[in-house]
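Just so you know, the sequences run in chain order U and C.
The numbering of the first sequence is my numbering, which starts it at 16 and goes up by one.
The numbering of the second sequence is my numbering, which starts it at 4 and goes up by one.
If you're looking for bench data, these hints aren't it; they were derived computationally from the structure.
Take the hints with a grain of salt, since some may be wrong.
Unchecked claim - Here are the computed lysine to any residue pairs in the SDA-like style, where the Cα-Cα straight-line distance is at most 25 angstroms:
id, chain 1, residue 1, chain 2, residue 2
1, U, K266, C, C59
2, U, K51, C, R85
3, U, K17, U, E73
4, U, K541, U, P380
5, U, K117, C, R43
6, U, K51, C, L186
7, U, K117, C, L191
Unchecked claim - Cβ-to-Cβ under 10 angstroms is the rule here; a few derived chain U residues that face chain C:
id, residue
8, F99
9, H376
10, E378
The beta carbon of each residue, even a glycine, is placed where N, CA and C say it ideally should be.
Here is what each chain is made of, one letter per residue.
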Amino acid sequence: MKILGISGHYHDSAAALVIDGLPRCAVQEERLSRKKGDAAFPLAAVEWCLETAGLEPEQLDAIVFYEKPLLKFERILTCALRSFPRSWKSFPSAMKRALGEKLWVKGTIASHLRVPSSRILFTQHHESHAAAAFLTAPTHEAAILTADGVGEWATTTTGHGVKRENGETRIELSREIRFPHSLGMLYSTFTAYLGFPVNEGEYKVMGLAAFGKPVMLDAVRQLIQPTSDGAFQLNLDFFEFHASATKSYSKRFVELFGPPRSPDSPIALHSPDGERFANIAASVQRVLEDVLVDLAGRLHRETGLSDLCLGGGVALNGCANARILRESGFEKVFVPPAPGDAGCALGAALWADRIFFKRPHREVPDHPFWGPVVEARELARVAREDGLSLEEVEDPAQFLTRVVDALIQGKIVGWMEGACEFGPRALGHRSIVAAPAPVAIRERLNRTIKYREEFRPFAPAVPIEVAARYFELPPGGERLSRFMSGVFPVRAEWRHRLAAVTHVDGTARVQAVDPEMAPRFHALLKAYGARTGVPVLLNTSFNLAGEPIVNRAVEGYSTFRRCGIDVLVSSPYLVSKTAAESSVPMLEAVG
Amino acid sequence: MLRFAATEADGGHDLSRAAELTNDALLRQLYLRHALDEHRHARLFRDRGLTLLTECQNGEASWSRFEANWFSPGERGLDDLRVDKDPQDGLLAFLHLSEKAAARRFCIYQEVLVSDPMTQSVFRDVLKDEAFHMAYTYKQLARVSPRRHGWRLWQARLVRVWKAYLRLMVAVASVIGTALLLLQYFLLLPPFALLAKRGALKEPPGWWTRRPASSLKSQY
Numbered sequence: 016m017k018i019l020g021i022s023g024h025y026h027d028s029a030a031a032l033v034i035d036g037l038p039r040c041a042v043q044e045e046r047l048s049r050k051k052g053d054a055a056f057p058l059a060a061v062e063w064c065l066e067t068a069g070l071e072p073e074q075l076d077a078i079v080f081y082e083k084p085l086l087k088f089e090r091i092l093t094c095a096l097r098s099f100p101r102s103w104k105s106f107p108s109a110m111k112r113a114l115g116e117k118l119w120v121k122g123t124i125a126s127h128l129r130v131p132s133s134r135i136l137f138t139q140h141h142e143s144h145a146a147a148a149f150l151t152a153p154t155h156e157a158a159i160l161t162a163d164g165v166g167e168w169a170t171t172t173t174g175h176g177v178k179r180e181n182g183e184t185r186i187e188l189s190r191e192i193r194f195p196h197s198l199g200m201l202y203s204t205f206t207a208y209l210g211f212p213v214n215e216g217e218y219k220v221m222g223l224a225a226f227g228k229p230v231m232l233d234a235v236r237q238l239i240q241p242t243s244d245g246a247f248q249l250n251l252d253f254f255e256f257h258a259s260a261t262k263s264y265s266k267r268f269v270e271l272f273g274p275p276r277s278p279d280s281p282i283a284l285h286s287p288d289g290e291r292f293a294n295i296a297a298s299v300q301r302v303l304e305d306v307l308v309d310l311a312g313r314l315h316r317e318t319g320l321s322d323l324c325l326g327g328g329v330a331l332n333g334c335a336n337a338r339i340l341r342e343s344g345f346e347k348v349f350v351p352p353a354p355g356d357a358g359c360a361l362g363a364a365l366w367a368d369r370i371f372f373k374r375p376h377r378e379v380p381d382h383p384f385w386g387p388v389v390e391a392r393e394l395a396r397v398a399r400e401d402g403l404s405l406e407e408v409e410d411p412a413q414f415l416t417r418v419v420d421a422l423i424q425g426k427i428v429g430w431m432e433g434a435c436e437f438g439p440r441a442l443g444h445r446s447i448v449a450a451p452a453p454v455a456i457r458e459r460l461n462r463t464i465k466y467r468e469e470f471r472p473f474a475p476a477v478p479i480e481v482a483a484r485y486f487e488l489p490p491g492g493e494r495l496s497r498f499m500s501g502v503f504p505v506r507a508e509w510r511h512r513l514a515a516v517t518h519v520d521g522t523a524r525v526q527a528v529d530p531e532m533a534p535r536f537h538a539l540l541k542a543y544g545a546r547t548g549v550p551v552l553l554n555t556s557f558n559l560a561g562e563p564i565v566n567r568a569v570e571g572y573s574t575f576r577r578c579g580i581d582v583l584v585s586s587p588y589l590v591s592k593t594a595a596e597s598s599v600p601m602l603e604a605v606g
Numbered sequence: 004m005l006r007f008a009a010t011e012a013d014g015g016h017d018l019s020r021a022a023e024l025t026n027d028a029l030l031r032q033l034y035l036r037h038a039l040d041e042h043r044h045a046r047l048f049r050d051r052g053l054t055l056l057t058e059c060q061n062g063e064a065s066w067s068r069f070e071a072n073w074f075s076p077g078e079r080g081l082d083d084l085r086v087d088k089d090p091q092d093g094l095l096a097f098l099h100l101s102e103k104a105a106a107r108r109f110c111i112y113q114e115v116l117v118s119d120p121m122t123q124s125v126f127r128d129v130l131k132d133e134a135f136h137m138a139y140t141y142k143q144l145a146r147v148s149p150r151r152h153g154w155r156l157w158q159a160r161l162v163r164v165w166k167a168y169l170r171l172m173v174a175v176a177s178v179i180g181t182a183l184l185l186l187q188y189f190l191l192l193p194p195f196a197l198l199a200k201r202g203a204l205k206e207p208p209g210w211w212t213r214r215p216a217s218s219l220k221s222q223y
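The shape of chain U in the complex, shown without the other chains (with noise of 0.2 angstroms):
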């Protein structure tokens, strides 16, 4: 049975194909469109997954879109009428979106594929989420919690689901918070609040709240409040989100935090409103993980389960994800490498063939690689016509070697092989990787390369089977580094030897590599820790600001051209520069 995946219309748009029950490929539209978090209907995705599966549109048994249009309509509606007359400014727009576009997914997905209606199904957003995390990780049973900003009306769900020996699939998410009641729509507003792009400056929250302190727990708590339930409710005076397209938070939530920082005026740390920004981000992320922690805490006592998969786009928070697994009582918490909006394509198919085809369960492969693959000739052909040095080493240890070598003479390398991530994180197949100390290399990686604020930090990565020595991993806690999911404390003997990944406050999202699931990545933290005594890297997303994660060589190679990477390598081949060739060279001559 061949289902594809498809989720689009909000952020983040991707396709996945699923083929007799396993994932065959899946990428989101942003590393093809080459538009950060492109939300434009998946064509390209869609168009590569079939190529790559070479299948055609009307071999496809089922198409499913990862929300239900009419449903996600009914609450933008019925939350327009709500805040009338305070909505008049939003809801022209809000109706020309869901009108022009958004309501007509199953035209669209009909026209573009030329496949009957009949066999375009839609999933529950939550559903997917739950799929998601659920149907991909290796447990059989386990308490499934998805928190996102929203889908159609549910923000927060909980639930179970289980994969019987016999094959027979069920997820059960029994009860949700809605809309506008939303950790995400919490988190989101803070982030705009704070001057950074909602859906994609929440890192920078995260990042920034290091440099806080919580001092601003008893303001944030006057914004969501528990429930006698346990669960939650936003006090709607502070937020605006549910009333306004363009406007997160009130009056009221700016004459309890002071006036917002705008998002041109860089954050200078010690100022006193540097201060006051990273004291807020320390104390809106301390609520999260709170209420996140109690959550999760209620659901153990109820299910009694030992595992935890953990959904939506809250789950990227890697400090959140750590105290859940720490305080919850979970003993393993699962969190897929997309646990965002991406994810659902992959989720959306999957719950259609587990659940509503009711095909019995296959293990999927527990690695994040379905993109596409790199190919390296097409980075020797352009490095050779640019006259660039470059090396063929065939054999994997001798490259291994060169590009050990250039990591300890404190060069930056960008590492592409195999197949691109699908997700958010670039977890050994389309890094930036550098040695993880000292300091000055990750400020070389902010000034030449990323481009980015000086208070976000870097990720190590370190192979799994030393990953406790170096980070102090709780019991599960490999698991949660598996994906870069977790925010751990570097060990404090260690922290001098990665003081270039080892965040403000002493911690690190690291990645713990498992060598079944990135062996060349594995094998080149192992060379790099026999020359140097520390098998950790310096991780971070082959891209530079404001651009999606690499995919192509020539992709890579033009991000390696345009800033300061010293080594671009994809085996067999090393693009190095010379100093000549530091940058792009004059060209007056030949223009």
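Based on the hints, put chain C in the right spot on chain U.
Using the frame of chain U, we list chain C on its own:
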């Protein structure tokens, strides 16, 4: 200035994409150089913009109030570059015209900004690069399309006019659509709004038991 910065940064992304897509090694080099220039311009504009913003007493309020150049923000807003779709010579013709138009405007800004030498120097700096960009795009257009480069330039001019027309029409349609929707909002919705508000009062806070899932065939 901040809008210029955003436009230049976007231009840089488009050019790096063009570099990734072309099979012409020389063009790749030139596009990459051009992309770096655009990023440098973005930084220059942004830095100056932020300084002006800080100097301005009510900087944020005046910045967000109104953009006089709303129809073509950042000077190249009329153009919707589609790097993946345009042929090589079409792209070069488009780039040449865009650079020329931007240089013309920047020249005017430079001339009128005598009272603000710092901002003037930013435009002067950027203009030097624009001259190179104009020259290389024209020269490469002639190389890539030796017989038809003149026609390509005219074609690109017509496309720019067409896109300006489309943008204007979309804006007009949007205004009409907004007016009609607002009319409906105030005339038709009030009774339903009353019902919705009353319904909201009855909704308990906290957990909801989920409704039994509808069929996957349903959009509702």
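The hints, checked one at a time:
no.	hint	verdict
1	K266(U) <-> C59(C)	holds (23 angstroms)
2	K51(U) <-> R85(C)	holds (16 angstroms)
3	K17(U) <-> E73(U)	holds (10 angstroms)
4	K541(U) <-> P380(U)	holds (24 angstroms)
5	K117(U) <-> R43(C)	violated (38 angstroms)
6	K51(U) <-> L186(C)	violated (36 angstroms)
7	K117(U) <-> L191(C)	holds (23 angstroms)
8	F99	holds (3 angstroms)
9	H376	violated (18 angstroms)
10	E378	violated (23 angstroms)
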